[in-house]
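Dock chain R against the given chain L, drawing on the hints supplied.
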Amino acid sequence: EPEVTQTPSHQVTQMGQEVILRCVPISNHLYFYWYRQILGQKVEFLVSFYNNEISEKSEIFDDQFSVERPDGSNFTLKIRSTKLEDSAMYFCASSGFDRGTWSQYFGPGTRLTVL
Amino acid sequence: DAKTTQPNSMESNEEEPVHLPCNHSTISGTDYIHWYRQLPSQGPEYVIHGLTSNVNNRMASLAIAEDRKSSTLILHRATLRDAAVYYCILPRETSGSRLTFGEGTQLTVNP
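If you read the sequences in order, they're chains L and R. Numbering (the working numbering) for the first sequence: 1 to 115. Numbering (the working numbering) for the second sequence: 1001 to 1111.
Mixed in with the good hints, there may be bad ones.
To be verified - In silico lysine-lysine, DSSO-like type, Cα no more than 30 Å apart, as pairs:
#1 R/Lys1069 x L/Lys42
#2 R/Lys1003 x R/Lys1069
#3 L/Lys42 x R/Lys1003
These are computed hints drawn from the structure, not numbers from a lab.
Next comes chain R alone, as it looks inside the complex:
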């Protein structure tokens, strides 16, 4: 898997936007950027993925830099339920490839 770098922790206030950065300078041309999160005492949860273009879904948006060496997960209005560890992962592009979880970013949301 391509190496990723994320801040250990970030803090936000409820109902404010949150921008979670990820650096992946060794990304290859075919690597997809995936984001997962793990809420306390729960299993990991798929959030979003993208290749080159920015992506939106009901949970979040993913902004990908033009050179693809970094990306940002955007939560438009953080809620207390969004407090979790967020993982940026670039799995090997083979079918069914494993996910390798790093340290991720611990997001704290203040009421």
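Isolated chain L, as found in the complex:
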């Protein structure tokens, strides 16, 4: 069964450094997403991406975040200058059209630790 994959599973970085989180969505899906979950809190939407541009973003997704689909398979989230509060699990998702609506399929996540 096709699945969303993410690398790395765990990333440790120093405050102020740039990180790139990588995802390979399900191959025939058209919409891609990033969510994050701070420890003990809810899963929060960051951004959605369609046809090589951002279709929706949350207030969390400020200028230090960017997304890119550099080739036909990868989808990346870049955090330009990490802060301590960026420490969280980051989940990538992609969605496919199924029985009248769009369902999202999530990857296993990347745990980002900012020191």
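What follows is chain R alone, placed relative to chain L:
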């Protein structure tokens, strides 16, 4: 997204059926009802969705009230692996719409 209300927690015994309720009294005519779950230390996982009719898949069944103001996710035989937080979500019906996760229902399965 239409507002949903779920119990904070539920408990079940292994191999028994579990009925997880969700109220969504402000549902509109075109809102699909989606269920996702999150197992410990994992990403959210799609479970099932429906519009009006009851739905079955290999993971679960979804029973939708006739007035669509409530629904019930049914796990026919709970296993220890089904212990998770279950989310009932009614996303806006636009293509690629975000999911908004609430508190969900924490399901505990006793051996």
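**Request:** State the violated hints by number, sorted upward, taking the hints as numbered earlier in the document.
**Result:** Hint check: nothing fails, all pass.
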